[in-house]
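Colleague: So the protein sequences, as listed, match chains A and B.
Sequential numbering from 1 applies to the first sequence in the numbering used here.
Sequential numbering from 1 applies to the second sequence in the numbering used here.
Simulated from the structure, these hints should not be mistaken for laboratory data.
Please read these numbers as outputs of a predicted model, since none were measured by experiment.
There may be inaccurate statements among the hints.
BS3-like mimics (lysine-lysine), calculated; alpha carbons at most 25 Å apart, straight line [as the list claims (entries may be wrong)]:
{"no.": "1", "chain 1": "A", "residue 1": "160", "chain 2": "B", "residue 2": "446"}
{"no.": "2", "chain 1": "B", "residue 1": "360", "chain 2": "B", "residue 2": "473"}
{"no.": "3", "chain 1": "A", "residue 1": "160", "chain 2": "A", "residue 2": "362"}
{"no.": "4", "chain 1": "B", "residue 1": "446", "chain 2": "B", "residue 2": "370"}
{"no.": "5", "chain 1": "A", "residue 1": "444", "chain 2": "A", "residue 2": "368"}
{"no.": "6", "chain 1": "A", "residue 1": "369", "chain 2": "A", "residue 2": "444"}
{"no.": "7", "chain 1": "B", "residue 1": "360", "chain 2": "B", "residue 2": "370"}
{"no.": "8", "chain 1": "B", "residue 1": "360", "chain 2": "B", "residue 2": "446"}
{"no.": "9", "chain 1": "B", "residue 1": "370", "chain 2": "A", "residue 2": "160"}
{"no.": "10", "chain 1": "B", "residue 1": "110", "chain 2": "B", "residue 2": "28"}
{"no.": "11", "chain 1": "A", "residue 1": "362", "chain 2": "A", "residue 2": "492"}
{"no.": "12", "chain 1": "B", "residue 1": "370", "chain 2": "B", "residue 2": "441"}
{"no.": "13", "chain 1": "B", "residue 1": "28", "chain 2": "A", "residue 2": "160"}
{"no.": "14", "chain 1": "A", "residue 1": "160", "chain 2": "B", "residue 2": "441"}
{"no.": "15", "chain 1": "B", "residue 1": "28", "chain 2": "A", "residue 2": "566"}
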Amino acid sequence: MTDAIWLVIALPLAGAVFLHFFGRRLGEPLAGIIGTLSVAASFAVGFAAALPFIVEEGAHGETVMLWEWMPAIGANLEIAWDSLAAVMTLIITGVGTLIHVFSIGYMHGDERFARFFTYLNLFIASMLTLVLGGNFAMVFMGWELVGLCSYLLISFWYTKPSAAAAGKKAFIVNRIGDFGFMIGLMLVFTNFGTLAFDGVFERVPEILDEGTATAIGLLFLVGAAGKSAQIPLYVWLPDAMEGPTPVSALIHAATMVTAGVYLVARTAPIFEAGPNAGLVVAIVGALTALWAASIAIAQSDIKKVLAYSTVSQLGYMFIAVGLGGYIAGIFHLMTHAFFKALLFLGSGSVIHGMHDEQDMNKMGGLLKKMPVTGITMGVATLAIAGIPPLAGFWSKDEILGVAFEYGGVGIVLWVIGLVTALITAFYMTRQWFMVFTGEPRWDKGVEPHESPRSMTVPLVVLAVLTVGAGFLNTPFRLTLEHFLEPSFELVKVAHPPEGWGMFALLAAISVGAGFAGMAMAGFVYSRPREIWERFQQGFGRLWEAWAAAYRVDDIYGATLVTPGRKLSERLAFTFDAGGIDGLVNGVGRAVRSVGTRTRVLQTGLVRNYGVGFVAGLLAVVIWLVVAGGGV
Amino acid sequence: MGDTMLTALILVPVVAAVIVMLLPANRKELALPVGFGLSFIPLAIAGYLFFHFETGVAGYQYTQKAVWYEAWGISWNLGVDGISLGLVALSVILVPIALAASTNITDRTKEFVVFTLLLEAGLIGSFLALDLFLFFVFFEAVLVPMYFIIGIWGSERRIYAALKFFIFTAFGSAFLLASIVALSVLHNQQFGAPSFDLRDLMSLDLSLSQSRWLFAGFGIAFAIKVPVFPLHTWLPDAHVQAPTAGSVLLAGVMLKLGTYGLLRFNLNLFPQAAVDAVPIIATLAVIGIIYGAIVAIVQPDLKKLVAYSSVSHLGFIVLGTAALTSAGFQGAVIQNVNHGLTTGALFLLVGMIYERRHTKQIADFGGLAKVMPIFAGLFLFTAFASIGLPGLNGFVGEFLVLIGSYSSIPGFAAVAAFGVILAAIYLLWAYERVFTGVPDKPENQKLVDLTPREIGLMVPLVVLMIVLGLYPKILLDRTAASTEALLDRVEQATTYEVPEPGRLADVFAGITEGDE
């Protein structure tokens, strides 16, 4: 089956190409169905190819060469199929299929219905290229192509200027990260003479000294911070909510934004050789987790809450992989893919049912109108709040355990993680109560309704996964751990503290934090609006700062964007057009004024200049040849 | 047959030009179709050459040498290797497209077609000439048709732009000619007979100062052509004024005379001077990359924006040349072709919208994606190829250049990598302003999307962008031996050693010296 692994990428790619040319003719819902089937088929192939890893414990991966790309730098189109790639593939195609199904309902009536599925399929193929690439260049190709798809899908409704601007911003901020990533790749090539994983990872201990490994790790972190929306490059993700909600669920929650986490896990041997880089990854993750969570507290746009929540949760994953807890990080990546996709799709269902309303202040009391959406989102809220036995509890606790076990700085990160857990429970509970309970605050004419089957069925499936996926890796049964171990055999994977006592203690503390956050939010937001508005006002300027996301966009604008544009204008209009070209034209005028004295020769025709020029040159040639021959 | 093919490649466009010239004066509508049809003959010949080109062979192939003027050592001396092959292919592909894009030229069509075909002959001749005098003749010969193409069929300030273009280039040519002649004179001194044969001249024994002066002489001529900062200001003017076909061929092929010249002549003839000049060349290259991109961001004129982006992209080619590594050279050679395809395509697209709206000012547009979705799609596709999106052609060249230059000149490579951010800024911001939003200006609301002819112009370019992006092997296989041989030449003639990770001997184990 591994020989046919290229089909995993080829199927959604074929779907994209087919829909590009024929999608419009197929129309609704056929284009969506074909798009969905191509991803589902990819899932099936991926599942079949993953079976060896399940059946045979400790089975090793292999690399399948497709064709030569840039052989001079060891960069070919080749697929590295191991258990890590398999897990990522199944998450991407599995969640991808559900979101495709959801989109058939959600995008109903959009005039570019087929085009939407073209882009979605292209995204799946690109994301799979990223996780299946057998060398850094191919990973980078996937890395950039998902950026392209993100750009296309964020600005899908391009007639809306804010959507177009958001897409552009996402791509450019990501490119800033890519700048670091690329320099990291240059360092890898200079040291190893190849970009192929086969020639790099095993030779890390013999080739890289700690300083170089740290440098490469930090440069990869720059790239990862761009793609996975970490400080200071997270600013594009909240804006990315301009895209259709299924896009937010698929790209900006479940898959693409986790690419940075995947990158660190994939390049684990480099981070092991330069552990300080890993520590920086973890610190950036922890700071981002707390920072974004605090912003999420005060958002009133249903999707903005989830966007900042995603940034925050990605921070958790960075803590894990930064401290060497690769399996914990990938585990949380997986559970988060389920419950955050569920939350986003749920919010999409709400927005759909509320006639494109996103302001939670204008919602309330929707549980009765949208019971499936309400209950499934409730399940996801419990999961992200870390309430056992839901998936989020197991994976988040594993991360916190890794931080605790690390000791020293790790304890600080653990505390930050706990505080973030409390805040997370608070803002998610706040969201659920604001949307689903209390008196309706709907605008006139809005008549909420439950979404169609194509939208609610994916919600239910994701809710089941949100409940059950945690059992893939509990201290009682480490299925995922054993599955992933062969992919990390070159490094020492960090784990939570040993022993049931420690497990119970740490779990009690984090669950306590989760319940505390939920209780506070529930206490305030289950009551009438005046009460929680007064509660919010009680925070004063702090609440305003959170609501305004600390005005980071304004700060970037004033310190980077505006000066950058001024520099560009000055260079273009003053220096280039005035300075350099002015000098050129000045010389030209000077020559011409000399020329007026020899007006006889000025016939005004360039042809004559040309003739004169050639004649002059010939004279020089002849002179040189004659003189040269004579010397 | 083989040894006259290159001659045929140069002469066929000339003959085609004569045929077009001889068309009856009252049937001027025939000029364009006839010229277009005839331009497929060089395409076919070059296609044959390309696919029968022996890979893994470093030397010149299809060589032909006939004495032209023995007393001066001048010969009709042609050959093609991996460094020039792609450029020849690019020329013969872009000429038919440029002609087919010129249906709006109704005034003196015949002359236009004739000049375009003569331009093609001159460009191909420049890339094939192995005799420096012959090279100079072709190098100069391309100036004349391009001068007239800009000066006659350009926009309002065409005379100014054409003159500026001509004077800049002629200025460089003077240095080039003097240096070429000096080489021949030195050959006469050392071997008792003058020669302009590149391979003869490579065996000259030059003092370091001779080598440096002559390097500078060649260098200035090519730097103006590229153009290298601060000699670039003729380029935006020339592009803004030139008709579409002129811009396509100017950016697509003609600028490559500069980058090609640096690789072919400066490195082969003056290796030590080249090694010594790396810091200077790399500095100018990086300035070009960053400066061109920054200046492009705020250009109000779409065509000027693309012109400045060329300054930036060509900086990458120069950087790859200065890298003096396998990957750097490969990147430079392949980027020559890639830039021709993407920038050629961008100029075609700008031309298409100019024909409809008679403006190129970004501020005059807005929301065009709504009314011209196919045009918008093709523009965005080409923009991403130009930005260097992996999977498309632009990435392969720039990535090889960056990777290749990092091992020898890491500081420059790191700064150059910043260009990838800027490229995204200027193109995506331009796209945003031209294509997104609601088309609120009445002139824009009635625009018609691309015609089948216009789509047809873009199809071959789009296909090549994808093919060369995913399967650059088709080109890299043909360039590898030649770039390795060039690196050999530099290493053997100087104390320079390719830094770690060093030569890619294992990859290119099969390379042998080609017969000539």
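Colleague: So which of the earlier hints does this model not fit?
Modeller: Structure breaks hints 2, 11, 13 and 15.
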